[in-house]
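Student: Since the structure of chain S is provided, determine the placement of chain U on it from the hints.
Below, each chain spelled out in residue letters.
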Amino acid sequence: TQLLEQSPQFLSIQEGENLTVYCNSSSVFSSLQWYRQEPGEGPVLLVTVVTGGEVKKLKRLTFQFGDARKDSSLHITAAQPGDTGLYLCAGVAGSARQLTFGSGTQLTVLP
Amino acid sequence: KAGVTQTPRYLIKTRGQQVTLSCSPISGHRSVSWYQQTPGQGLQFLFEYFSETQRNKGNFPGRFSGRQFSNSRSEMNVSTLELGDSALYLCASSFDYLGYTFGSGTRLTVV
Chain S
132 TQLLEQSPQF
142 LSIQEGENLT
152 VYCNSSSVFS
162 SLQWYRQEPG
172 EGPVLLVTVV
182 TGGEVKKLKR
192 LTFQFGDARK
202 DSSLHITAAQ
212 PGDTGLYLCA
222 GVAGSARQLT
232 FGSGTQLTVL
242 P
Chain U
5 KAGVTQTPRY
15 LIKTRGQQVT
25 LSCSPISGHR
35 SVSWYQQTPG
45 QGLQFLFEYF
55 SETQRNKGNF
65 PGRFSGRQFS
75 NSRSEMNVST
85 LELGDSALYL
95 CASSFDYLGY
105 TFGSGTRLTV
115 V
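Note that the protein sequences, when read in sequence, are chains S and U.
Heads up: the first sequence runs through residues 132 to 242, numbered per this note's numbering.
Heads up: the second sequence runs through residues 5 to 115, numbered per this note's numbering.
Hint data in this document are derived by calculation from the structure and do not stem from the laboratory.
Treat the hints with care, as some may be off.
Stated by the list, open to error - Only pairs whose alpha carbons sit at most 20 Å apart, straight line, appear in this in silico SDA-like list of lysine to any residue: (1) S:Lys190 x S:Gly213; (2) U:Lys61 x U:Ser26; (3) S:Lys201 x S:Glu172; (4) S:Lys190 x S:His206; (5) U:Lys17 x S:Gly171; (6) S:Lys190 x S:Pro170; (7) U:Lys61 x S:Thr239; (8) S:Lys187 x S:Gly171; (9) U:Lys61 x S:Gly183; (10) S:Lys201 x U:Tyr101; (11) U:Lys61 x S:Ala227; (12) S:Lys201 x S:Glu136; (13) U:Lys61 x U:Gln48; (14) S:Lys187 x S:Tyr153; (15) U:Lys61 x U:Thr24; (16) U:Lys61 x S:Asn155; (17) U:Lys61 x U:Thr18; (18) S:Lys187 x S:Thr239; (19) U:Lys61 x S:Asp202; (20) S:Lys188 x U:Gln48; (21) S:Lys188 x S:Gly171; (22) S:Lys187 x S:Val175; (23) U:Lys61 x S:Ser226; (24) S:Lys187 x S:Ser162; (25) S:Lys201 x U:Gly103; (26) S:Lys187 x U:Tyr101; (27) S:Lys188 x U:Leu102; (28) S:Lys187 x U:Glu56; (29) U:Lys61 x U:Gln41; (30) S:Lys201 x S:Ser234; (31) U:Lys61 x U:Leu92; (32) S:Lys201 x U:Leu102; (33) S:Lys187 x U:Lys61.
Chain S on its own, in the form it takes in the complex (with noise of 0.2 Å):
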């Protein structure tokens, strides 16, 4: 069974602040999600990141995947209270066909 770490669980910071959260598994991963959901809502694609040693950019959002492949990080740069939400790292092992989630991150940027 593949198991996602994610730390930290909570997060609540000012505006303007850095911030990074990672996932960390002992399994390899063929590709690492990111998503954000917002409160009775369904999550929402961030970033896939499939290669290892990859850093995608998504305007102030930086995804890192390990060389590994069994971790990656997300960080932020300058929150804005915009990016409130509960952010959630998802795997897909080799040819498998579902996502194995984190038990997520819940972010609370204050102005």
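Tutor: Below, chain U without anything else, positioned relative to chain S:
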């Protein structure tokens, strides 16, 4: 382009009853997956359908079942409802498994 549509949005059922949830995927997406989200367990994979065939199943009891129609629309059924089945049920469709589009979910409350 229309997103993933789930109906109904909210449902209240009594223990012992059964329920059917519906999901219409994005046009062209033949893979439809179902997930259960609860505060305690997070997002857990239920099953995945592709071209009317169930290709993958999560660790849930047989009371949880699903099917997919020729137009890729999918339904999931839960029989003999238990209080612990109260959750947000999410449907997701994908074209290539490199990213999933989720619906807004069906909030099921069992009383």
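Student: Going straight from one Cα to the other, do Lys61 (chain U) and Gly183 (chain S) come out at no more than 20 Å?
Tutor: violated (28 Å)
Student: Does the structure keep Lys190 (chain S) and Pro170 (chain S) at a Cα separation of 20 Å or less?
Tutor: With a Cα-Cα distance of about 23 Å, the restraint between Lys190 (chain S) and Pro170 (chain S) is violated, given a limit of 20 Å.
Student: Is the Cα-Cα distance between Lys61 (chain U) and Gln48 (chain U) 20 Å or less?
Tutor: holds (11 Å)
Student: Is the Cα-Cα distance between Lys188 (chain S) and Gln48 (chain U) 20 Å or less?
Tutor: violated (28 Å)
Student: Taking 20 Å as the top limit, are the C-alpha atoms of Lys201 (chain S) and Glu136 (chain S) close enough?
Tutor: holds (11 Å)
Student: Just to be careful, I want the Cα atoms of Lys61 (chain U) and Thr24 (chain U) compared with a cutoff of 20 Å; is the pair within it?
Tutor: holds (18 Å)
Student: Could you grab the alpha-carbon distance between Lys187 (chain S) and Gly171 (chain S) and see if it respects the 20 Å cut-off?
Tutor: With a Cα-Cα distance of about 28 Å, the restraint between Lys187 (chain S) and Gly171 (chain S) is violated, given a limit of 20 Å.
Student: Are the Cα positions of Lys61 (chain U) and Ser226 (chain S) separated by 20 Å at most?
Tutor: holds (14 Å)
Student: For the pair we were handed, Lys188 (chain S) and Gly171 (chain S), check the Cα-Cα distance against 20 Å.
Tutor: Roughly 27 Å between the alpha carbons, so the hint for Lys188 (chain S) and Gly171 (chain S) is violated.
Student: Is Lys61 (chain U) within 20 Å of Thr18 (chain U), Cα to Cα?
Tutor: The hint is violated at about 26 Å.
Student: Would you mind confirming whether the straight-line C-alpha gap from Lys187 (chain S) to Tyr153 (chain S) stays at or under 20 Å?
Tutor: holds (15 Å)
Student: Taken at face value, is the distance from the CA of Leu102 (chain U) to the CA of Lys201 (chain S) at most 20 Å?
Tutor: Cα-Cα ~17 Å, so holds.
Figure legend: structure checked against the earlier numbered hints; hints not met, in rising order: 3, 6, 7, 8, 9, 16, 17, 18, 19, 20, 21, 28, 33.
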